[in-house]
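Undergrad: Start from chain A and add chain B according to the hints.
Spelled out, the chains give:
2 protein chains.
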Amino acid sequence: MERIVFTFLVALGFVPALVQQASAQADPSTPLGTGPLPSWNDGAAKKSIIEFVARVTKKEGSEFVPPMERIAVFDNDGTLWAEQPFYFQGLFVFDRVRALAPQHPEWKGTQPFKAVLENDMKTLAAGGLRGLIELVMATHAGMTTEEFERIVKDWLATARHPKFNRLYTDLVFQPMLELLAYLRANDFKTFIVSGGGIEFVRTFSEKVYGIPPEQVVGSSIVTKFEVREGRPVLVREPKLDFFDDHEGKPVGINKFIGRRPIAAFGNSDGDFQMLEWVTAGTGPRFGLIIHHDDAVREFAYDRASAAGKLDRGLDEAPKRGWTLVSMKRDWKRVFAFEKN
Amino acid sequence: MERIVFTFLVALGFVPALVQQASAQADPSTPLGTGPLPSWNDGAAKKSIIEFVARVTKKEGSEFVPPMERIAVFDNDGTLWAEQPFYFQGLFVFDRVRALAPQHPEWKGTQPFKAVLENDMKTLAAGGLRGLIELVMATHAGMTTEEFERIVKDWLATARHPKFNRLYTDLVFQPMLELLAYLRANDFKTFIVSGGGIEFVRTFSEKVYGIPPEQVVGSSIVTKFEVREGRPVLVREPKLDFFDDHEGKPVGINKFIGRRPIAAFGNSDGDFQMLEWVTAGTGPRFGLIIHHDDAVREFAYDRASAAGKLDRGLDEAPKRGWTLVSMKRDWKRVFAFEKN
Chain A
0 MERIVFTFLV ALGFVPALVQ QASAQADPST PLGTGPLPSW NDGAAKKSII EFVARVTKKE
60 GSEFVPPMER IAVFDNDGTL WAEQPFYFQG LFVFDRVRAL APQHPEWKGT QPFKAVLEND
120 MKTLAAGGLR GLIELVMATH AGMTTEEFER IVKDWLATAR HPKFNRLYTD LVFQPMLELL
180 AYLRANDFKT FIVSGGGIEF VRTFSEKVYG IPPEQVVGSS IVTKFEVREG RPVLVREPKL
240 DFFDDHEGKP VGINKFIGRR PIAAFGNSDG DFQMLEWVTA GTGPRFGLII HHDDAVREFA
300 YDRASAAGKL DRGLDEAPKR GWTLVSMKRD WKRVFAFEKN
Chain B
0 MERIVFTFLV ALGFVPALVQ QASAQADPST PLGTGPLPSW NDGAAKKSII EFVARVTKKE
60 GSEFVPPMER IAVFDNDGTL WAEQPFYFQG LFVFDRVRAL APQHPEWKGT QPFKAVLEND
120 MKTLAAGGLR GLIELVMATH AGMTTEEFER IVKDWLATAR HPKFNRLYTD LVFQPMLELL
180 AYLRANDFKT FIVSGGGIEF VRTFSEKVYG IPPEQVVGSS IVTKFEVREG RPVLVREPKL
240 DFFDDHEGKP VGINKFIGRR PIAAFGNSDG DFQMLEWVTA GTGPRFGLII HHDDAVREFA
300 YDRASAAGKL DRGLDEAPKR GWTLVSMKRD WKRVFAFEKN
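Protein chains in written order, with numbering that gives the first Met the number 0: chain A, 0 to 339; chain B, 0 to 339.
These aren't lab readings, by the way, just hints derived from the structure by calculation.
It does not matter which identical chain is used: a pair holds within one copy or between any two.
EDC-like mimics (lysine to aspartate or glutamate), calculated; alpha carbons at most 16 angstroms apart, straight line:
1) K206 <-> E68
2) K223 <-> D240
3) K223 <-> E246
4) K327 <-> D292
5) K58 <-> E68
6) K206 <-> E148
7) K327 <-> D301
8) K58 <-> D186
9) K57 <-> E68
Extracted from the complex, chain A is given alone in its bound form (with noise of 0.2 angstroms):
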């Protein structure tokens, strides 16, 4: 009987806004009755993201934005996972190089791979997301896209966080996690739009946050197409493509989204300028910063930080009328292995 009715809303082409109201009222990632965002704590950020779901959610509302235009992007080094003591990307290849460097006896003498062997953060540091996505087309050139692929799921899969000793998969935010799915309830389509290597990222976008390759934007290197021995291949090359941080960002989003997105996450002065162009558009505007404040459950730091300096931003939230959030105040988890 239920399949019948079900059958029928369909060809009637009622289903859509059926499932729209139906969910907007449920968060499929809670538990029913415990409400959405349950890894949040009460207050002025929790609040501000239930008030601005629920102003371009409401049918009859004067914000109301239709689902097709409900893009939220989020950065990910930070802002979805950790990046502490350095942007795992950057623990990725500097193992990367230590694996690789009895073939390249040269690497002794030669920077960055010098301070990489030495343990040089100092020096590795300074050169920020942009010298790690050299490094990383410097040791994973020429090779194809599927093998760098593997070359990297392979890590995800073994590798561990030196303070958490857990897999870097693990130290994902909980409450971003949650954040996720109450706007994809909602009918938002969220987009990761990362400094890090698109390619990196996409490996286990879609396992660990649900996002799908084709929405992640993120920075790259050159490939090209060629039939090796009848077989078509594309081959990394060793040259930067596209640099997706600061003002990369809405550049990157104006190019793989191609329209301006409502609402934009981030937690460093790299997203400053994504925050700034997504929060400029006319109607209803989302934009929010997470403060890395919480020393005892992640890390703390802000001004200063090597990965994930966050200065102009704490500045001006405020004034930009963007909400900050406190991970020690407003974060009642902070990992999902966390005890509650």
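TA: For chain B alone, kept in the frame of chain A given last:
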């Protein structure tokens, strides 16, 4: 009552599976009872499409493909809409050169502007799609992405095709609209992968094809983030960013979509590598080439055409197992405005 049942099903997580079953049976683009693809004549081409969709959607089948991986890519010019007497984006930019010529007296003596002003199609055709994109860059640099969008939309709303005396957006192929709807009803995600400019195609893709901007891949120019009078904008630079044709198509697919599609649809040798890349993947794959052989209802052209040259694809389609569509034989109707 139905509402309660439905909300209950949503809460239990049953809905996605039901939606899938229901949509696999119904084609929302056609009245109930007429079956899918009504503008396709019965024959090998139509049969190959329906059989492929049945294979990958059969839940218990050995060739079942999960919905997330049902990615289908479509060329635009000559595949979703017409491309004669020349690529429509070419006709757009020729009109723009004529409109801007009074402010540029020097164009009378400079190629390729001279060729446009003298209507010298031979010279223009020799530059191909790439030449056109360069012409767009030259004529539309320095403006913001929003200004460019406005110009394209104005042109599409008023300019008329020389043969059919209709808006260009009326010259989309009805059988392909039905194919897009049929694939989407079977949980495929449909993308455009065009040699044309990404920002040109995005102005109409959602309205005309139901394909949102974030599912359009195409050639692009460099844009730059700037804050103009306190307002963040993206400014178009006269510099090619990415040329999405021939070998560029698999590169663009990897960059923008990040996983290999299972079906590809094209019409010219500019689509050859895209079909080669897509159909070389493991598991069930589908490639289709449209042959423009209908001079009465549309245009007849292939090996010697300036726009949409089809030579290698015509020779190799049979041995590669790609479906070759004859517009004349396989399509009951070419355009929606034709009487049946």
